[in-house]
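**Student:** Chains as they are written, first to last, in my numbering: chain S, 7 to 280; chain X, 55 to 347.
Incorrect hints may have been included.
[Stated by the list, open to error] Chain X side only, calculated, beta carbon under 7 Å to chain S, not exhaustive:
1. 83
2. 152
3. 204
4. 206
Please keep in mind that the hints were generated in silico from the structure rather than gathered at the bench.
Quick reminder that beta carbons are idealized off the backbone N, C-alpha and C, glycines included.
Listed below, chain by chain, are the residues.
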Amino acid sequence: MKRKKRTSAIGVYIALIIGSIIMIFPFIWMLLTAFKTNSEVMKVPPTILPSSWNLSAFTKVLDLLPFGNLYLNTVLLILIRVICAVVFCSMAGYAFAKLKFKGKNILFTIILVQQMIPAQIFIIPQYQMLAKLELTDTLFALVFPGIVSAFGAFFLRQTYMGIPDEIGEAAYLDGCNRWQTFIKVMLPLTKNSLAALSIFTAVFAYTDLMWPLVVNTNINHTTLSAGLSTLNGQFSTNYPVLMAGSLLAMLPMVILYLIFQKSFIEGIAMTGGK
Amino acid sequence: MNKRKKLDQDHVWGYLMVAPTIIGLIVLNVYPFIKTIVLSFSSMKVFGEYKFIGFRNYANMFSSEEFWRATWNTLLFCVLTVPIGVMLALIVAILLNSKIKGKVVFRAIFFLPMVVAPAAVAMVWKWMFNSDYGVINTIFHTKIDWITDPNVIIITVAIVAIWSALGYDAVLLLSGIQNISKTYYEAASLDGATKFQQFRYITMPMVSPTLFVVLILRLMSSLKVYDLIYMMVGESNPAMSKAQSLIYLFYRESFISGNRGYASAIVIWTVLLIGIITAIQFIGQKKWVNYEV
């Protein structure tokens with residue numbers, strides 16, 4: 007019996023290790039390619055390790071793309087969207103869960119319906135609004151569609167629904183008004199949900215490709231994802247350069263992920279994803 | 055008196071606190087939604103006046119070979135990714151649920167593609183699938199035109215999509231599996247049920263609600279596939295016109311060709327298609343999803 011258990015554990019390990027190799031191999035190949043020269047990658051049969059660890063692809067891609075600007079734009083985009091999500095979604099989530107006001111159900115219906123409709127249907131008019139105001143190629147344009155989040159409001163409403171009414175009532179009897187109850191008593195209780203929402207918002211802003219491509223065509227005003235994608239057209243045959251660019255673009259998020267992987271995975275799983 | 059005052063305070067704070075979200079949604083979603091419908095009945099280009107042309111965009115769309123090809127590609131992509139992807143994710147979830155050391159590490163590895171920009175993911179896979187120098191053709195001693203053959207490229211993109219979403223789906227399914235009470239398995243093994251019987255009669259029915267959620271999420275995101283095709287196929291690829299998905303066609307018509315009216319019709323069709331397919335799943339789920347505990 008015990009022996010049987012051990013063989014099945016070995017089987018599980020073998021399956022998971024094979025799976026892990028398949029998951030990691032593309033990233034290893036990216037790393038190895040980035041250090042090769044363009045003539046080396048065209049060799050048949052291909053070499054596995056670079057013959058010499060060559061940095062020319064990195065210097066070239068740093069010339070081609072304004073990485074400083076791309077990083078800055080991406081960080082600012084993430085920061086503003088996360089702040090907006092935390093502030094506005096908390097307020098709306100609390101109000102929908104704990105306050106009684108006329109028209110609440112109708113307003114909440116907007117939030118439910120919005121989540122069911124794919125975001126692409128909103129893109130042309132969103133772009134037209136920004137173009138009319140001559141706000142394309144700005145940080146504001148990048149942030150624009152994510153200033154508010156129906157999903158975030160819904161998600162936090164669920165969290166506030168889970169907090170017993172008695173806690174709010176007690177604060178009210180102690181003389182807090184609705185706003186004070188919200189800020190001082192209720193908000194701190196939703197820390198975990200806010201962390202999950204922040205991570206989800208950040209990863210979405212970072213990986214999104216279509217919106218930055220549409221709205222900020224100037225390479226100095228766009229995000230890492232969109233900036234990286236422009237390499238694909240111009241240098242579609244210089245794979246070391248493409249791999250070096252990909253590596254530089256993905257590294258910060260991957261490092262954050264490796265440090266906070268538990269919060270990342272649980273946060274994204276908790277929000278149910280997009 | 056006190057109750058009245060409390061009610062009024064609820065009203066004031068209620069409206070104030072939902073205002074940013076509701077106003078934002080009206081500007082960013084409600085108005086654009088209506089505007090897209092209105093645009094779909096116009097000959098709107100990048101510049102120029104609004105001109106109503108009735109159903110002509112829809113008529114053009116339904117008689118366009120490119121459009122039907124994109125619809126077919128989108129559906130084919132779903133058929134290729136959803137069943138296989140969800141099944142593999144279920145297997146990974148079951149493996150991650152077994153009593154072994156290092157589960158956290160494996161979970162983190164499978165989840166990794168979720169935090170990498172699809173642009174980077176697509177580029178490395180495009181390189182690995184390169185027909186002349188790619189590592190995949192070299193390892194398997196094949197000579198397949200993974201990227202340039204229009205009949206193969208959808209399969210290639212589907213492989214990458216499955217790989218990307220695997221860990222994420224597995225984590226969702228894993229949490230579903232972990233919610234199943236251990237007592238069911240204890241009772242079953244006392245009755246002499248085999249591992250397979252336990253899976254078939256305990257795990258499957260108990261995890262089916264989570265499985266359904268994952269299936270819907272995967273289906274909806276597959277129907278909206280865009281970034282992987284945009285990055286892996288690209289404008290200069292001769293296979294492009296035969297390999298595009300609906301949302302990619304929408305992107306090209308609206309922001310490269312500038313046919314805003316026609317593009318609006320395409321996106322409305324896509325949204326309707328997603329709605330219909332999702333609705334069918336919700337009807338079909340009654341047959342296999344078990345909500346009784």
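**Student:** Are the hints correct? Go through all of them and say.
**Tutor:** The hints, checked one at a time:
no.	hint	in the structure
1	83	holds (5 Å)
2	152	holds (5 Å)
3	204	violated (18 Å)
4	206	violated (18 Å)
Of the numbered hints given earlier, the model fails hints 3, 4; all others are met.
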